[in-house]
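Use these hints to put chain B onto chain A, whose structure you have.
Protein chains: 2
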Amino acid sequence: MLLYDAPNPAPNPRRVRIFLAEKGIKIPTSELSIIKGEHKAPEFTAKYPQGQLPVLELDDGRILGESISICRYVEALHPAPALFGTDALSIAEVDMWLRRVEFTLMNAVGQIWAHTHPFTARVVVPQYTEFGESNRPKALAAMTRIDEALQLAPFLAGDAYSMADITLLTTLDFAAFIGVAMPEELTALSDWHRRVSARPSASA
Amino acid sequence: MLLYDAPNPAPNPRRVRIFLAEKGIKIPTSELSIIKGEHKAPEFTAKYPQGQLPVLELDDGRILGESISICRYVEALHPAPALFGTDALSIAEVDMWLRRVEFTLMNAVGQIWAHTHPFTARVVVPQYTEFGESNRPKALAAMTRIDEALQLAPFLAGDAYSMADITLLTTLDFAAFIGVAMPEELTALSDWHRRVSARPSASA
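Protein chains in written order, with our numbering: chain A, 194 to 397; chain B, 194 to 397.
There may be inaccurate statements among the hints.
Since the list gives no way to pick out one identical chain from another, each pair is judged satisfied if it fits inside one copy or across any two copies.
Keeping only pairs whose Cα atoms sit at most 25 Å apart, straight-line, the calculated DSS-like set for lysine-lysine is [unchecked claim]: (1) Lys229 <-> Lys240; (2) Lys331 <-> Lys233; (3) Lys216 <-> Lys233; (4) Lys331 <-> Lys240.
Since the hints were made in silico from the structure, they are not lab data. Computed from a prediction, not measured in an experiment: that's the story for all the values here.
This is chain A alone, in the form it adopts within the complex (with noise of 0.2 Å):
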């Protein structure tokens, strides 16, 4: 297997780095400039035509994409530990939250990136500003609902660490990178992101 990578602050590739070093796997890498268009080079897309990263070349040469999708097959490869849940409810649990993370947090910050952001400004034409703005406020409220939810429980779907969790570091993450700042007075949020963030494999 080779995994097609992108370094910080690329938070689908951070992903399934954290994954792996929470599994304890390396997969040999080849590393793509984004800031370079190293992932929209005919290089690349003749491999993966959506152009995006990470993707994992296997070893009959069949290309699997989307960084959760990577995940999910390394997990059915490598069931322990866990990081889809265990039985029924935990998958389930996980799943959900995996899904809030991303449809609400990580849109809007995708939205705001996407739209407000001079960076992006070279490849969004035309830049929608006052809808990205827009999201702000939404991000916001999905923090302050992820909050709630760590008011609870030690991690986003209970006691275990799960790819939620590891969705939600690389989000708030890459949300602090283009100036979305996670509020000091959500705390359980705080503590969470202390707490996930001293894991050796946060620094993947």
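Same frame as chain A, now just chain B:
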């Protein structure tokens, strides 16, 4: 278990109904009216603050939200017929196609619905109509890429009907309902749509 459901054209409740019909599973149902706002009424938001449908109430009173997470819960309890794949590769490919349908087509259709449709003008204030309109070519591009995939295989993830197909079906039918038509020249997609619409589950 009790499934809180909503009638067509709501696409997310329909995803779960089709999934259950493919499984041959019946779950007692409580139907709410989205048009009457019953999903936002205090009786329901006391159970599920997000005010979204469908949700599944378990026998211990616990609530599962997110249509796909509900289906993953049922799949873990009743694995056959598998609608999320059976081995590492098919699990990953179903998930990859599910995510592509959601992040490209369903997201574009959702933004058209939220930001351009007269019906949603009551609840999406303000509507960013230029942004909404900018999603029409994105929806078409997503349909075109899906058509290309369906030229190579009978279903999105290969030979087996899956949750990715169910999500594509409910998304396309909802898109048609709001006036975002599937171009007839996308013949692989149109043929796929005829085949999956002829399955008994499609009327669920």
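Tell me, which hint numbers fail for this structure? 3
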